[in-house]
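Novice: Sequence:
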Amino acid sequence: MAENPTTLHTPEPPAVPLDEHRLTPAAHLAGDMEAATVTGARSVSLRELQFPLQIGLRGEIGSESAQVIEKELGFELPSRVGQVTGDPMGLHVLWLSPDEFLAVDVSTRQQPGDSDRYIGALAGKPGHAVELSANRTVLELVGAAARDVLAKSCHADLHPREFGVNTAITTNLGKVPIYLHRAGEDVWRIYPRQSFADFTVRWLLDGMKEFAQDEVL
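Going by my numbering, the letters in the sequence shown line up with residues 47 to 263, in that order.
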């Protein structure tokens, strides 16, 4: 039996005082995303995660810089294309290049000073840590038909034998450059730059329409 996508796999982290002064880039489309939810055998739903922490990290694997970053993370950095380390439902790290990574924590909401401990650990060493939470928004597409929605316009091979759970790559959705992370069996996270948030959400909602028609039939 297909899982109801209204029960999303990523728990919503508690709000923080800063939240009352900010809006996510696609907040104006929250109602459209909720209304587009499809249940049944070809279920799919879309939502925008609320201010997940994102920190850009640089350090050559095996170097002292990487070692101090790994000490702060509590786990190793990914070492190859597509690899993700850590907890996909908490703090984890996406591989972007041989010495470039994106740390993401979907179990907490970004607050000032979140990157300070990484910056402090790297002091005087090659590499850097940069707060990037305002750079990209994170959309979560969930459900049995989520991969089919993405496959309409994503340039990557999304077949499970090529794109397993906890794989992440840089690719395109239509003409929009994104990071794509398969965080669970039917859980996909899409990272467009914030300026493309509106376009990306509307693009995905359009791709979900056929499954809503199947539900009616």
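Please keep in mind that the hints were generated in silico from the structure rather than gathered at the bench.
We put the beta carbon where it would ideally sit given N, CA and C, even for glycine.
Check the hints yourself; a few may be wrong.
As the list claims (entries may be wrong) - Quick list of the computed label-pair ranges, beta carbon to beta carbon:
1. 144 - 77: 22 to 30 Å
2. 77 - 126: 22 to 30 Å
3. 208 - 144: 20 to 28 Å
4. 64 - 197: 31 to 39 Å
What the hints assert, rightly or not - Okay, derived cross-link-like pairs now, DSSO-like style, lysine-lysine, Cα gap no bigger than 27 Å in a straight line:
5. 221 - 255
6. 221 - 198
7. 198 - 255
8. 117 - 171
Novice: If a hint holds in the structure, say so; if it doesn't, say that too.
Specialist: Okay, the hints, checked on the actual structure:
Here the CB-CB span from residue 144 to residue 77 is close to 42 Å, at odds with the stated 22 to 30 Å. In this structure, residue 77 and residue 126 break the distance hint of 22 to 30 Å, their C-beta atoms being roughly 40 Å apart. For the pair residue 208 and residue 144, the beta carbons lie near 21 Å from each other, so the given range of 20 to 28 Å is met. Checked against the hint of 31 to 39 Å, the C-beta distance between residue 64 and residue 197 comes to roughly 37 Å, which is consistent with it.
Of the supplied pair hints, the one linking residue 221 and residue 255 holds, its CA atoms being roughly 20 Å apart against a limit of 27 Å. Taken as a hint, the residue 221 and residue 198 pair is honoured in the structure, with Cα atoms around 12 Å apart against an allowance of 27 Å. Taking the CA atoms of residue 198 and residue 255, the gap is near 12 Å; set against the 27 Å cutoff, the hint holds. Proposed proximity of residue 117 and residue 171 is supported: the alpha carbons are some 15 Å apart, at most 27 Å.
Checked against the numbered hints above, the structure breaks hints 1, 2 and satisfies the rest.
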